[in-house]
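Engineer: So the chains spell out like this:
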Amino acid sequence: MARDSFSHPELGSALAWLRARARLTQSEVVERVFEQQRERPHAERETLSTVYYQLLETGKRTPRTPKLAALLAALGSDQAELQGLLAAQPWRHVPTSKARISKHTPRPAAYAAAAEEALAGGVWSSPIVASPISFASDGEQHRTRGELSELVDHFENLSQRDRSALLAQARRLRFGKR
Amino acid sequence: MSTRPNVARSTTKPTLAVKLEHDAVQIGDLRVTFHRTLRIPDDGRRYPLPPSLGRFPVCRVEDYADRVPASWLEHGGVFLPMYQREAMWLSFDSDRSWRPQALKVAVGMVNAVSGEPWSQRIDDEQDYLVCPPQPWLDGIKSEDGIIRQFVAMPLGMGYTVEGQLTGEERFGGIQLIAFDPKDGVFTEPQEHVDVMRRYEVAQSSAADDMIDSSESDSYRPLPAPAGRSMRMSRPNRRSPESAGAEMGLGAGGRMEQQIYPDPYGAQTWDTHRFGRVYVHIVNSQLYEDITGRRPPASPISAQTYTEHGYPWFDLYDEHLGDVQGSDILAGVKSVSEIDSEKSFKPQQDETTVAIPDVNVVKYPVAKPTPTNIVRDGDWPK
Chain A
-17 MARDSFSHPE
-7 LGSALAWLRA
3 RARLTQSEVV
13 ERVFEQQRER
23 PHAERETLST
33 VYYQLLETGK
43 RTPRTPKLAA
53 LLAALGSDQA
63 ELQGLLAAQP
73 WRHVPTSKAR
83 ISKHTPRPAA
93 YAAAAEEALA
103 GGVWSSPIVA
113 SPISFASDGE
123 QHRTRGELSE
133 LVDHFENLSQ
143 RDRSALLAQA
153 RRLRFGKR
Chain B
53 MSTRPNVARS
63 TTKPTLAVKL
73 EHDAVQIGDL
83 RVTFHRTLRI
93 PDDGRRYPLP
103 PSLGRFPVCR
113 VEDYADRVPA
123 SWLEHGGVFL
133 PMYQREAMWL
143 SFDSDRSWRP
153 QALKVAVGMV
163 NAVSGEPWSQ
173 RIDDEQDYLV
183 CPPQPWLDGI
193 KSEDGIIRQF
203 VAMPLGMGYT
213 VEGQLTGEER
223 FGGIQLIAFD
233 PKDGVFTEPQ
243 EHVDVMRRYE
253 VAQSSAADDM
263 IDSSESDSYR
273 PLPAPAGRSM
283 RMSRPNRRSP
293 ESAGAEMGLG
303 AGGRMEQQIY
313 PDPYGAQTWD
323 THRFGRVYVH
333 IVNSQLYEDI
343 TGRRPPASPI
353 SAQTYTEHGY
363 PWFDLYDEHL
373 GDVQGSDILA
383 GVKSVSEIDS
393 EKSFKPQQDE
403 TTVAIPDVNV
413 VKYPVAKPTP
423 TNIVRDGDWP
433 K
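Line by line, the protein sequences are chains A and B.
The numbers in the numbering used here rise by one with no breaks, and the one at position 81 of the first sequence is 63.
When you read off a place in the second sequence, starting at 1, and then add 52, the result is the number in the numbering used here.
The set of hints was computed from the structure by calculation and includes no laboratory data.
On a predicted model such as this, the values are computed, not experimentally measured, just so you know.
You may find that some hints are simply not true.
Claimed, not checked - As a list, the in silico EDC-like pairs of lysine to aspartate or glutamate whose alpha-carbon atoms are at most 20 Å apart:
#, chain 1, residue 1, chain 2, residue 2
1, B, Lys71, B, Asp147
2, B, Lys397, B, Asp409
3, B, Lys397, B, Asp95
4, B, Lys414, A, Asp60
5, A, Lys42, A, Asp(-14)
6, B, Lys234, B, Asp175
7, B, Lys385, B, Asp175
8, B, Lys65, A, Glu98
9, B, Lys414, B, Asp366
10, B, Lys414, A, Asp135
11, B, Lys414, A, Glu63
12, B, Lys385, B, Glu308
13, B, Lys71, A, Asp(-14)
14, B, Lys414, A, Glu138
15, B, Lys234, B, Glu308
16, B, Lys65, A, Glu13
17, B, Lys71, A, Asp135
18, B, Lys385, B, Asp401
Make a model of the complete structure from these sequences and hints.
Structural biologist: The structure is reproduced here in structure tokens:
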């Protein structure tokens, strides 16, 4: 019995996008499919080669639905996400080419000359305004500064709700219950 | 299209306001924070991004003008302490995220993206970051999709990126220059205005609930330790006391990180409106000599961190693209490779760390929204 195949003009781009997200090579995708099949010995096996997968990504082949499902599972995705991707087509927003950088390798003297020119002519850095902040000036200052640094980092990574809870807790600890 | 020449001479004076707040340097709107972190194994494998283990304490050079090497006074800027072979990463954020800035990062006056000599030019050969969307930078851009971790090494031993590319280690540290966009290129979205208003109201309400809001200690550097003046007698010369105490950045293990291509184009940036900061890196002894404070303790190992099941990080950012890897920086040897060449015994555990996928937290990075960008033809002349 002929089984359904999945056809869409952007399917190859979607598979490539999912593979890039999963940080896999084409052969690693195929290997993952086989690994998943080994873990489910009673499930129906799909034959797949790296060459065939390459043809899928370039739109030169149309996969049967079970094969596509196996591929999507290997890519950490599923049919529902695929449908969403095909609608949104985020790969169309990828820059068309990588940004260029120079391939010219400068001589060592060029580095020194550029640095000396840049640093000549007065104080190089912008004037820096310091914000009001102080730390304990006793023997605890080392620990205090480290702890404060950690607290600031935690605070900045919390949600607004958790920040409020943390502040409330800090006030309770310092001032007792109101 | 603006006809303003897109070149700023190095001698042009910086114009953007720069401030130091909570150990973060803010240039214009762009806040740069220096994070302490694990040193990832240099074993040839690609690792996800390590966590922040707090910030490096950052001090203004001018607050310790009588104690720092004389050359620092010519460079100005800030300084921070690192232990030898300690790792660092930089984070970037802004209170006005709708208005990005371009940022060049150099290590020892060598561009960390391109590996080229210092330049203030902004052109199509991208050697700068655009923040946002770029949230973090963990190292030098050595390959496509890969960076090599920033690792501190003393100047004069040939380990730093600067030393390997220039043959000498004179500058060290990190150099930052941030450029504003040209006037009118970005306009503030209405929703951002509303958010700020709500924020201000919330702040005001919260203030009423504060029990004690009277603390207003000003920033004040600690007095110099008695008999420990580090002032140098001649510019650009290091005294015996500071030899080996100033640090530069070398290359560590490999991590997956992209440098996003400029989504707006080189012509977006106003090279006449910029701010610069020279970040001197010192070892723990010189830092204590200068400030009277000890730096934070060295972070735990990657192995120990991972054994505790703590998270590593990655970004959903494939849709943002990647700047090409630098051929120049690809040739830079890592700290452990140089150790091997010098027949030094391994100075850190380079044992491969197995990081389960479930321990890797992935964050999405939003693509810059084009709605608030004024196109070329609309720019002020």
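Engineer: Each of the hints needs a verdict: does it hold here or not?
Structural biologist: Here is what the structure says about each hint:
| no. | hint | in the structure |
| --- | --- | --- |
| 1 | B:Lys71 with B:Asp147 | holds, 14 Å |
| 2 | B:Lys397 with B:Asp409 | violated, 32 Å |
| 3 | B:Lys397 with B:Asp95 | holds, 15 Å |
| 4 | B:Lys414 with A:Asp60 | holds, 19 Å |
| 5 | A:Lys42 with A:Asp(-14) | holds, 17 Å |
| 6 | B:Lys234 with B:Asp175 | holds, 15 Å |
| 7 | B:Lys385 with B:Asp175 | violated, 28 Å |
| 8 | B:Lys65 with A:Glu98 | holds, 16 Å |
| 9 | B:Lys414 with B:Asp366 | holds, 5 Å |
| 10 | B:Lys414 with A:Asp135 | holds, 19 Å |
| 11 | B:Lys414 with A:Glu63 | holds, 17 Å |
| 12 | B:Lys385 with B:Glu308 | holds, 18 Å |
| 13 | B:Lys71 with A:Asp(-14) | violated, 63 Å |
| 14 | B:Lys414 with A:Glu138 | holds, 18 Å |
| 15 | B:Lys234 with B:Glu308 | violated, 32 Å |
| 16 | B:Lys65 with A:Glu13 | violated, 57 Å |
| 17 | B:Lys71 with A:Asp135 | holds, 19 Å |
| 18 | B:Lys385 with B:Asp401 | holds, 18 Å |
The structure does not agree with the numbered hints 2, 7, 13, 15, 16 stated previously, though it agrees with the rest.
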